[in-house]
Each structure stands twice: as C-alpha cells, then as structure tokens.
Amino acid sequence: MTLWSKTLKLVTGVEPSTKVSVPRLRKITRRDLIRMESKIGSTVFGPVPANHRREFFCLDEHTWVWYEEWIDEATGARREMTTRYEVHPHGVLKVQDGQPYALVEGDELRNLAIATRMYREQVMKNIYRRDPITGQKLTATGTI
Amino acid sequence: MTEYSPYRPDTAPQGAPQQERLVFVDPADRHGREFHIDTQAVRPVMGADSPEVNAAVEAAYREAEQNRNEAAARTAEHGSTDAELAQAIDWNAQAIEATREYAEANGL
Chain A
1473 MTLWSKTLKL VTGVEPSTKV SVPRLRKITR RDLIRMESKI GSTVFGPVPA NHRREFFCLD
1533 EHTWVWYEEW IDEATGARRE MTTRYEVHPH GVLKVQDGQP YALVEGDELR NLAIATRMYR
1593 EQVMKNIYRR DPITGQKLTA TGTI
Chain B
161 MTEYSPYRPD TAPQGAPQQE RLVFVDPADR HGREFHIDTQ AVRPVMGADS PEVNAAVEAA
221 YREAEQNRNE AAARTAEHGS TDAELAQAID WNAQAIEATR EYAEANGL
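These protein sequence lines map, in sequence, to chains A and B. Quick note: the first sequence uses our numbering, first residue 1473, plus one each step. Quick note: the second sequence uses our numbering, first residue 161, plus one each step.
Mixed in with the good hints there might be a few duds.
[To be verified] Okay, derived cross-link-like pairs now, SDA-like style, lysine to any residue, Cα gap no bigger than 20 angstroms in a straight line:
1. K1511/A - E1541/A
2. K1499/A - A243/B
3. K1597/A - E264/B
4. K1597/A - A258/B
5. K1609/A - N266/B
6. K1566/A - E261/B
7. K1499/A - D250/B
8. K1597/A - G267/B
9. K1566/A - H1534/A
10. K1499/A - L268/B
11. K1609/A - Q247/B
12. K1566/A - N1583/A
13. K1566/A - D1579/A
14. K1511/A - E261/B
15. K1597/A - T241/B
Think of the hints as simulated: they come from the structure by calculation, not from any bench.
The following block holds chain B by itself, in its conformation from the complex (with noise of 0.2 angstroms):
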C-alpha cells in the first residue's frame, strides 16, 4: 500500500483533500531544509536535497512564471478577469508567507 504524502498527490486516496504544494530546498541551506510554497504547478516531490528534486523545483518554477507571464500578455491585450487577479494576489501572499516561515525557522 502507498503511504500517502500531502506533498504527492498522486497517492492520496480516492476523495482524499489535494494540497498543491512545492517544495522548494534552498541551496544555501546545508541542511537541505525545506520549506513550501502553494502553488498551481503541482509537483510530485519526494525528499530533499537531491539534483532531481531541485531540478524539479526550478522546472516548477519556470512552469508557474511562465503562466504568470502568459496570464500577464493576455492582461495587456484583454485585460485580466477578476479571478485571474485575485489569484495572483493569493500567489502573491502565500509566497511571503513561506518565505517568512523560512525566515522565522532559520533566521535572515
């Protein structure tokens, strides 16, 4: 039986919540700590600290700033519609608030 991971979607059970979280490994941390973002580019991502994950992070990333892009071309020539606004002021927010975790846990 696959044990169930917040952070893998694909294992959680049939009507099980689905968290959308990116784990993101700061490079400089030696300790291969972890914190975690929200985000729409979901990422099955197991352990930390490892090429692949951090390959899987920065992919995540460029994923999720290129839709931001995209979403932000298609604002310029039709103007964005209230809910792609909002959630970018989500996304905004849960990037502080991860980073801010991070700070609290590790320090500046």
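Chain A extracted, bound-state conformation (with noise of 0.2 angstroms):
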C-alpha cells in the first residue's frame, strides 16, 4: 500500500479501490470549440496591446465577432467594445453597441477578409487538424 493509500484510508477510514477510475471526458461542445477558435482568433489581428483583452471568433455560417476589453490609461476605466460583422448578400454589415449599421468597405473590409482566411486556416489546422483547403483530416505525414 503506497502513503497516498494509507493517508487516504486514514482520512476516509475506507480501503482505496486498485482500480484506476478515468474520468469520462464529457462532449465537447460548440461553445468549447469557439472558446478555443477565439484564442487563436484574438491573434490575427496582430499583438494585443498590453492591457487589451482580445476575442475574435466565427459565430455562425454568416456572422463574425470581434471583442476588446482595455483600461483607459486616463481614467482607469475598464472600457469594452464588440463589433458584429454580419454577411448579407449586398455586403457585410458592422454593428457594434450602439451605433447604427454600417456597411464595411475598403480597407477594412479587406484586413477582415484577411483576417478570416488566417482565422480558416489556422483553426482548420490547429484545432480540428484538417487540411484548410480541402477539408480532409490531417495525419502526422500529412493529409489522407
């Protein structure tokens, strides 16, 4: 019987079982998986400066969603900003809190192009470990 044993008998005053019980992994569900988009998401805008908090995911087939937290360095108010960028047929539409809609153009329509190819690419691969092109699951030596 190993210390860990005999502390836990005398603690509990019950025999520890031998067998060694594995936790059931429970399913892994879509907001665990954007969590873990967001973290790579929050990147490829460039370095978060420092005091910012940064989130940048994919919310649906047609929506796109940047976050950033930060302290005002003049107040030392904590400030938030989210910016929704919706796809509709005629364009994509930037809604963020209260301000009306407006269409995204120009430049900032092409750094969010950009960005989410990056997002695509990075997540296919480092997440769900598929090839970002063609979809197919990555192996160790390289697609199937």
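Starting from two chains that each stand alone, build the complex the way the hints lay out.
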C-alpha cells in the first residue's frame, strides 16, 4: 500500500479501490470549440496591446465577432467594445454597441477578409487537424 | 415522381428554394457520416461513403479552390470587389461552421 493509499484510508476510513477510475471526458460543446478558436482568432489582427483582452471568432455561418476590452489609461476605467460583422448578400454590415449599422468597405473590408482567411487556416490546422483547403483530416505525415 | 432532396438542386420543384450544399464525407470516418458545406460548387450528390461521392466531393473542392485562386489572382491584378471579399469572408465562416458541427457531433 502506498503512502497515498494509507493516508486516504486514514482520512476516509475506507480501503481505496485499486481500480484506476478514468473520468469520462464530457462531450465537447460548441462553446468549447468557439473558446478554443477565439484564442487563435485573437492573434490574427496582430499583437494584442498591453492591458487589452481580445476575442475574435466566427459565431455562425454568416457572423463574425470582435470583442475588445481594455483599461482606459486616463480614467483607469474598464472599457469594452463588441463589433459584429454580418455577411449579407449585398455586403458586410458592421454592428457596434450604440452605433447604426454600417457597410464595411475599403481597407477595413480587405483586412477583415484576410483575418477570416487566416482564422480559417489556423483554426482548421491547429484545432480541427484538417487541411484548410480540402477539409481532409491531417495525419502526422500529411493528408489522407 | 422524383423525391425532392435539398442536396439535389436538380430535383427541386419549380420555385422551390434551392440549397447550394456540398456533402463532405470524411474518409477517416468508418460510418461514412456526412457533414455539409455550403458552397458555390453545386453538386448533385446522393448517398455517402462511395467512391463516386468522394470523387464528386473532391472534384467540387478542387473546383471551388480553383475559383478562389482565380479570384485571388484577379485581386492581385485589379483589386477585388467588395462583393468578392464579402463572399470570401462568408465562405470562411461556412467552412468553419461545418467543421465545428462535425467536431461537435463526433469529437475532435
């Protein structure tokens, strides 16, 4: 009997089971996946400034979300901004707290397109282990 | 009478909304389960887990990728239109969403 087992028996008064119980991993949820994706997403626009927290993720088939939280140096107050990009047939609409809908154009649209492509490539490879172009599962030696 | 399948746009009755979807079969999945990707590459795909389906899927992927590469080349030469950029952003979201749904159902 190991020291740990002896201690456990001393504390609980019960002979510890010799079987190793492996906790059943809970089913991965959509929220888990988005959280993992967002960690990668936070990097696609470049380094996050000090005192900032950033989330960038694909919410659903037609929506992207950018969340930024930071400390206002002047006031010390916490600030946050949520930007939702909705893809519609006639273009991409930007929705921000308290702001009217705006059509995303020019450099902003180009940067968003690049960011979503980087997101797809990195998330497919690093989380889903799939080739970002073909969708095929990646193996240790390449695609199958 | 031909049964209407949302995955077979050619069977849609007149006026029915057509879904442009691509059925992707993961070759690593022994059960031949499908996940679906909305795409511009419309393919009348039936069933799953057959060489014909896999060949059709691969062909559709190649075609979609070729379209994207051509669009990228046009962008490099002339600059992309806002509509093309919006379409690219949407395609990225759809690819992620389809993969996410598959992972949710089958694990990572």
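Against the structure, the hints come out as follows:
no. : hint              : in the structure
1   : K1511/A - E1541/A : holds (14 angstroms)
2   : K1499/A - A243/B  : violated (38 angstroms)
3   : K1597/A - E264/B  : holds (17 angstroms)
4   : K1597/A - A258/B  : holds (15 angstroms)
5   : K1609/A - N266/B  : holds (13 angstroms)
6   : K1566/A - E261/B  : violated (25 angstroms)
7   : K1499/A - D250/B  : violated (28 angstroms)
8   : K1597/A - G267/B  : holds (15 angstroms)
9   : K1566/A - H1534/A : holds (12 angstroms)
10  : K1499/A - L268/B  : holds (10 angstroms)
11  : K1609/A - Q247/B  : violated (25 angstroms)
12  : K1566/A - N1583/A : holds (14 angstroms)
13  : K1566/A - D1579/A : holds (14 angstroms)
14  : K1511/A - E261/B  : holds (19 angstroms)
15  : K1597/A - T241/B  : violated (28 angstroms)
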